[in-house]
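Number of protein chains: 2
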Amino acid sequence: MIGKAITLAILGGTGQEGGGLALRFGKAGHRVILGSRDAARASAVARAMNETLGRAAVSGTTNKEAAAAADVVVLTVPYAAQRATVEEVREALRGKILIDATAPLKPPKVARVQLPPEGSAVAAIQALLGGEVRVVSAFQNVSAHHLRELGREIACDVLICGDDAAARETVIGLAADIGIAGFHAGPICNSAAAEALTSALIAINLRYKCPGAGIRITGVARDRELLRDSSE
Amino acid sequence: MIGKAITLAILGGTGQEGGGLALRFGKAGHRVILGSRDAARASAVARAMNETLGRAAVSGTTNKEAAAAADVVVLTVPYAAQRATVEEVREALRGKILIDATAPLKPPKVARVQLPPEGSAVAAIQALLGGEVRVVSAFQNVSAHHLRELGREIACDVLICGDDAAARETVIGLAADIGIAGFHAGPICNSAAAEALTSALIAINLRYKCPGAGIRITGVARDRELLRDSSE
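From first to last, the protein sequence lines stand for chains F and D.
Taking my numbering, I'd label the letters of the first sequence as residues 1 to 232.
Taking my numbering, I'd label the letters of the second sequence as residues 1 to 232.
Calculated directly from the structure, the hints in this document are not laboratory data.
All C-beta atoms in this analysis are idealised placements derived from N, C-alpha and C, irrespective of residue type, glycine included.
Fair warning: there could be bad hints in the mix.
As the list claims (entries may be wrong) - Covered by chain F, according to a simulated footprint, are these stretches of chain D (three or more residues, beta-carbon under 8 Å):
| no. | region |
| --- | --- |
| 1 | 71-84 |
| 2 | 156-165 |
| 3 | 206-212 |
Claimed, not checked - Lysine-lysine pairs mimicking DSBU-like chemistry, simulated, CA-CA at most 35 Å apart:
| no. | chain 1 | residue 1 | chain 2 | residue 2 |
| --- | --- | --- | --- | --- |
| 4 | D | Lys96 | F | Lys96 |
| 5 | F | Lys109 | D | Lys106 |
| 6 | D | Lys27 | F | Lys209 |
| 7 | F | Lys27 | F | Lys106 |
| 8 | D | Lys64 | D | Lys96 |
| 9 | F | Lys96 | D | Lys106 |
| 10 | F | Lys27 | D | Lys96 |
| 11 | F | Lys109 | D | Lys109 |
| 12 | F | Lys109 | D | Lys27 |
| 13 | D | Lys106 | F | Lys106 |
| 14 | D | Lys109 | D | Lys96 |
| 15 | F | Lys109 | F | Lys4 |
| 16 | D | Lys4 | D | Lys64 |
| 17 | D | Lys64 | F | Lys4 |
| 18 | D | Lys96 | D | Lys4 |
| 19 | F | Lys106 | D | Lys4 |
| 20 | D | Lys4 | F | Lys209 |
| 21 | D | Lys106 | D | Lys209 |
| 22 | D | Lys4 | F | Lys96 |
Said to hold, decoys possible - Part of the chain F face toward chain D, derived, beta carbon under 8 Å:
| no. | residue |
| --- | --- |
| 23 | Tyr79 |
| 24 | Cys156 |
| 25 | Ile215 |
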């Protein structure tokens, strides 16, 4: 626990990746609000999650209301909806941390790295929002498949990139709350590494017929609390 | 062993990364020719390597002669010298596999991802060479520090990207010869992931004060022969 329970909005929380994060954060003791274009659907999905969790940790509403009510906002919508969603909730983000898990996947060739001309999809959002929001890139490389298997250890680390070190540290704490080791990996432009890696890991999934390849960082002394048996 | 000993040219073989690969390939039983702009220096470095290895596995000459005499050519020069070196040895590459370990680091900000406008430094070389050479991206994320500690297990996997699956497979075999697990990670454009990751890992090295952060791929059944205790 980062010290206290907070309220997280998961924009795109009815999707696979967002839903997985919502379940994990709810299980860890945080309050979670699923945001969606469809508030009724978000409420229904939240109810099902509460049944899974055995307690009322999750609620659902519009993206805008979810962002407004949250301490920290997590963006998990598809790349094609990333900018429009941010623009829609922009007023509600002011002064907050926005965790952006976007990878610029362009269907159908999602196993090909296709970074945007700006270099990084998440860095482009930080440029859009300017100093009013601290954007932190995280969670691109954790498979939704593994997130949703609540009984299972998540054998995957995440790269945490952002221009504000304190915001990165908060996100590393939130990742630790759900059993994921996050590593300070440099400024927001370095999000390009996590974004490109997403397509490379999809290529590995296809080639080796596995549902959720990920990475572990080696060569760094790991927090003993997070050290697990990493033999897959 | 990929089945037989081959001759590898390591262009930039007097450098840290190239030298580390040369020592490992020499130790594995392959013949290695260090290429350098300075043939005398390459010969001197090769002599020192042979003393370390306890046998005459390594020789040194110009980049051009090294490439001409090799079965497989490995490029480990700094990014600023990548294109000029390839142009210099181009004739000698025809029909061969070129393993390009280049990451587009731009000093002094080597811990910032700065991919070239084409998206990937290695993909740009494949575009330059066209169908006459099969370019495979590999070894960007293995620290020279660990390569040179010959007694030490290399706790790092590598992403293997290239448009030719058979060439990728050959490089995975060569990586296995030196104790490194390589993973098919998609077409040559996916080299952007390994290239960007290089800067992110340098950022991790700086932040966590370690000499050689790397990655392991998780969630994939690993070749048992390559499975090591990965607790760092």
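Each hint tested on the structure:
no.	hint	in the structure
1	71-84	violated (count 0)
2	156-165	holds (count 3)
3	206-212	holds (count 5)
4	Lys96(D) x Lys96(F)	violated (53 Å)
5	Lys109(F) x Lys106(D)	holds (30 Å)
6	Lys27(D) x Lys209(F)	holds (34 Å)
7	Lys27(F) x Lys106(F)	holds (32 Å)
8	Lys64(D) x Lys96(D)	holds (14 Å)
9	Lys96(F) x Lys106(D)	holds (33 Å)
10	Lys27(F) x Lys96(D)	violated (54 Å)
11	Lys109(F) x Lys109(D)	holds (32 Å)
12	Lys109(F) x Lys27(D)	violated (40 Å)
13	Lys106(D) x Lys106(F)	holds (28 Å)
14	Lys109(D) x Lys96(D)	holds (34 Å)
15	Lys109(F) x Lys4(F)	violated (41 Å)
16	Lys4(D) x Lys64(D)	holds (24 Å)
17	Lys64(D) x Lys4(F)	violated (63 Å)
18	Lys96(D) x Lys4(D)	holds (17 Å)
19	Lys106(F) x Lys4(D)	violated (41 Å)
20	Lys4(D) x Lys209(F)	holds (30 Å)
21	Lys106(D) x Lys209(D)	holds (21 Å)
22	Lys4(D) x Lys96(F)	violated (59 Å)
23	Tyr79	violated (16 Å)
24	Cys156	holds (6 Å)
25	Ile215	holds (5 Å)
The structure fails hints 1, 4, 10, 12, 15, 17, 19, 22, 23 (numbered hints given earlier, in ascending order).
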